[in-house]
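Peer 1: The residues making up each chain are set out below.
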Amino acid sequence: MVAITQSTPRAPRRRGRRGSHSGVPAGRGVFARLTPYLFLLVAVGLLLLLTYLPAANMLWYSLTDWDGLDLEKNFVGIDNYVQVFTNPQIFGVFGVSLYYFAGSFVQMAIALYFAALLSYRTRFSNFFRGVLFFPYLINGVAIGFVFLYLFQPGGTLDTVLAWVGLSDPPQWLGDPDIANYSLAATSVWRYTGLNFVLFLGAIQSIPGELYEAAEIDGANRWQQFWALTFPGIRRIIGLSFILAIAGSLSVFEIPFIMTGGANGTSTFVIQTLQTAFSFRQVGLASAMAIVLLAIVLVVTFIQRKIFPDEKVELS
Amino acid sequence: MSRRTAFGLVAGAATAAILLTSCASGGGTDSSSNSIDGDVTGEVTFVTWRTDLIQDGTFDEYAAAFHEKYPDATVKFEGITDYEGELKTRLSTTNYGDVLGLPNSVQPDQFADFFEPLGQTDDLADTYRFLSAKSYEGVQYGLALGGNANGLVYNTQVFADAGVTEVPATEDAFLDALAAIKANTDAIPLYTNYKDGWPLSQWSGNIGAITGDADAQNAMTGNDAPWTEGTDIYAIDSLIYDAVHDGYTEEDPLTTNWEQSKVDFATGKIGVMALGSWAISQMQGAATDNGVDPSVVGYMTFPATTSDGTQYAVVGGDYNLAINKHSKVKAAAKAWIDFLLEDSGFTATQGMVSALLADPLPDNLAGLTDNGVELLELNPAPSGEESLFGNIADTAQIDIWGNIYRQKLVDIARGAADGDKDSYFAELNSRWADARAQQG
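Respectively, the protein sequence lines represent chains A and B.
Per the numbering used here, residue 1 is the first one in the first sequence, and the count goes up by one each step.
Per the numbering used here, residue 1 is the first one in the second sequence, and the count goes up by one each step.
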């Protein structure tokens with residue numbers, strides 16, 4: 001990913017230089033020099049208009065006491081940020097993210113297991129791949145509703161548990177000690193497919209001859225996994241790790257649909273939403289959003305410092 | 001070539017600028033003839049939250065009757081399901097219809113930024129009910145389409161099966177009735193609708209009914225500890241706490257379902273729900289659909305009696321109709337509002353209290369008045385403090401008119417969160433006091 005972004009800007013610059021030195025008439029030279037920028041204009045313009053302008057706007061809101069409706073926004077400096085960091089009600093909800101973070105390890109383990117398994121020639125492997133990826137294709141809101149019925153007292157889950165003799169199940173969403181596990185499990189169910197596809201793709205990009213050579217050398221499947229597969233997909237695992245952290249900090253859909261953030265399941269994003277729209281404190285909510293962005297950036301930065309993006313040499 | 005490109009860009013930008021400014025001025029209120037007293041002509045866009053009435057054709061009938069009365073004017077409808085949420089962002093544009101329901105998130109001191117004044121509140125007071133909520137500094141910005149009484153719906157059959165013969169008039173009698181329902185029937189005595197959340201906010205409509213004080217809500221802005229015995233909000237939240245704590249509510253509140261609760265109520269699986277009187281017709285509908293006699297739906301006020309032995313029920317306006325101040329057809333918009341209030345028969349068919357003082361009360365409130373319950377309309381906030389209540393509540397992050405703090409109350413009462421009634425009320429009081437200090 002990094003390699004691509006570094007190499008792209010270099011190419012047009014070189015071409016532009018060649019154009020100006022090749023002795024064509026001056027007018028065309030100017031135009032030729034402008035051409036790449038004209039091509040860029042639309043894309044950059046849209047990017048600025050739709051991504052950076054709203055982000056800059058939010059930064060500005062975060063320095064005001066705007067309530068979302070007032071025609072005038074009063075500048076309050078960093079008051080909102082002070083409140084984000086000093087109000088325990090706001091920062092406390094990050095504890096909930098730990099459930100999802102732990103869940104993401106389970107998710108990666110399951111995904112890696114199945115990816116390693118299904119990368120070999122297995123019977124019905126395409127079918128199983130489809131089955132594993134399928135949940136990721138379902139709309140998150142629909143998943144929320146499906147699991148809401150699953151977790152109801154006397155719902156599907158309780159019925160199935162009763163078949164295997166487990167009567168008297170707990171309240172999956174009503175019990176505050178269990179609710180976050182239930183929600184994290186739903187999240188695992190949903191996102192395992194995405195991790196699985198990432199891992200599977202990476203595993204399949206490892207040249208087959210390596211495995212042949214390993215087999216000739218007498219390595220068993222387990223040794224092949226640790227010596228070939230795992231190092232081969234280490235970058236993808238690192239990427240999944242960043243996504244897991246960012247994802248668990250900004251969990252939203254599943255708890256919002258299933259509990260609305262009640263019963264101790266509120267996440268930072270749900271709280272931001274409530275601050276902005278239930279309590280009309282758009283300024284404070286913008287500050288919360290910026291703080292979340294900063295935290296994700298810092299975590300990513302630390303992760304890249306600790307696990308630098310080494311080039312993986314397999315051959 | 002490049003010069004031509006540059007010229008094209010400038011020309012394009014200029015065109016865009018002209019278009020933008022013309023849009024802006026087109027939406028402005030420059031024309032002096034465009035007032036609510038002018039000629040009734042043009043097409044009125046009515047942005048409405050009643051999507052059901054668009055679908056079943058009720059509004060089309062109104063539109064036809066309106067066009068008959070004012071041949072130069074027509075109405076078209078725009079229904080929005082997530083009305084509050086969507087309107088809140090649309091208000092930052094000028095395009096929010098000509099007539100609309102005034103969103104509750106707009107604070108009184110912001111009315112003039114968005115809506116056309118409809119007249120002096122004092123002048124309108126002889127004709128209309130429910131003016132106080134949308135009045136600011138003596139000027140009226142919205143007229144209620146209709147009003148509701150606040151209280152609780154109860155299933156008369158469940159009450160009879162449980163052996164409760166009298167509608168409870170005190171908190172203790174109410175808790176006893178819930179206990180009897182729990183002991184003698186299979187019904188859930190009190191259904192909170194915790195998961196959907198908004199039904200929990202319905203309890204707040206009873207502020208004022210307990211003490212019979214029309215200034216009960218205004219008094220909270222001057223009180224550092226509103227959750228103290230003797231206030232309305234204390235009585236309401238305390239009753240919820242006790243009912244949940246004693247196990248009279250649904251077993252797993254996280255899986256409640258509003259649509260299902262209507263059926264469960266009608267078929268006798270639920271005893272009581274706290275809802276405004278607007279819910280009566282929906283409950284009766286659910287009863288009819290499930291083959292139950294709609295007379296099982298009873299309505300009572302909050303179970304409290306003032307020291308002089310009177311029971312009160314608070315009546316308040318539903319959504320208020322307001323006119324977009326950027327509208328180009330203000331006269332026709334005002335005519336449409338008048339038509340809806342006076343000629344359409346809307347409130348009568350909906351079982352709501354008419355906004356016109358001259359109209360009689362709807363039949364479904366007969367049960368209240370038969371029991372000697374007095375109807376009470378809350379007083380407006382004193383001049384200059386119209387937005388204070390909302391501002392304090394928002395700063396304290398206590399959504400009196402929402403569900404978040406009350407869900408926490410239910411959680412504590414059922415043992416799912418730390419604390420007890422006293423500790424939570426103490427916390428609410430200190431947050432309220434802090435917010436009061438910040439809001440001056």
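Worth flagging that the hints you see were computed from the coordinates, not collected in a lab.
Just so you know, these numbers come straight off a predicted model, no measurement behind them.
Some clues are possibly wrong.
[Unchecked claim] Derived Cβ-Cβ restraints for the label pairs, each shown as a range:
| # | chain 1 | residue 1 | chain 2 | residue 2 | range |
| --- | --- | --- | --- | --- | --- |
| 1 | A | L49 | B | G57 | 25 to 31 Å |
| 2 | A | E72 | B | V139 | 54 to 60 Å |
| 3 | B | D434 | A | V296 | 28 to 34 Å |
| 4 | B | T41 | A | A32 | 56 to 62 Å |
| 5 | A | Q89 | B | G79 | 19 to 25 Å |
| 6 | A | A56 | B | G79 | 33 to 39 Å |
| 7 | A | I110 | B | H245 | 37 to 43 Å |
| 8 | B | D56 | A | F105 | 49 to 55 Å |
| 9 | B | E43 | A | I178 | 51 to 57 Å |
| 10 | A | N139 | B | G57 | 56 to 62 Å |
| 11 | B | D186 | A | F85 | 36 to 42 Å |
| 12 | B | D126 | A | E72 | 32 to 38 Å |
| 13 | A | N74 | B | T165 | 57 to 63 Å |
| 14 | B | E43 | A | A294 | 48 to 54 Å |
Yeah, the Cβ is synthetic: ideal placement off N, Cα and C, and Gly gets one too.
Peer 1: Now tell me if each hint is right for this structure.
Peer 2: Going through the hints against the structure:
Taking 25 to 31 Å as the suggested C-beta distance range, the pair L49 (chain A) and G57 (chain B) does not conform, at roughly 42 Å. Between E72 (chain A) and V139 (chain B) the CB atoms are about 20 Å apart, so this pair departs from the stated range of 54 to 60 Å. The hinted window of 28 to 34 Å between D434 (chain B) and V296 (chain A) holds, with their beta carbons roughly 31 Å apart. A hinted range of 56 to 62 Å holds for the C-beta pair T41 (chain B) and A32 (chain A), which are about 59 Å apart.
Distance hint for Q89 (chain A) and G79 (chain B): a CB-CB separation of about 37 Å, inconsistent with the stated range 19 to 25 Å. Checked against the given bound of 33 to 39 Å, the beta carbons of A56 (chain A) and G79 (chain B), roughly 35 Å apart, stay inside it. I110 (chain A) and H245 (chain B) have their C-beta atoms about 41 Å apart, which keeps the hinted 37 to 43 Å range intact. Range check, D56 (chain B) to F105 (chain A): Cβ separation about 52 Å, and the 49 to 55 Å hint holds.
Between E43 (chain B) and I178 (chain A) the beta carbon distance is about 56 Å. The supplied range of 51 to 57 Å therefore holds. Our hint of 56 to 62 Å for N139 (chain A) and G57 (chain B) is violated, since their Cβ atoms are close to 32 Å apart. The beta-carbon spacing between D186 (chain B) and F85 (chain A), approximately 51 Å, falls outside the hinted interval of 36 to 42 Å. Restraint check, D126 (chain B) to E72 (chain A): a C-beta distance of roughly 36 Å satisfies the suggested window 32 to 38 Å.
The hint said 57 to 63 Å for the Cβ distance between N74 (chain A) and T165 (chain B), and at roughly 59 Å that hint holds. Distance hint for E43 (chain B) and A294 (chain A): a CB-CB separation of about 49 Å, consistent with the stated range 48 to 54 Å.
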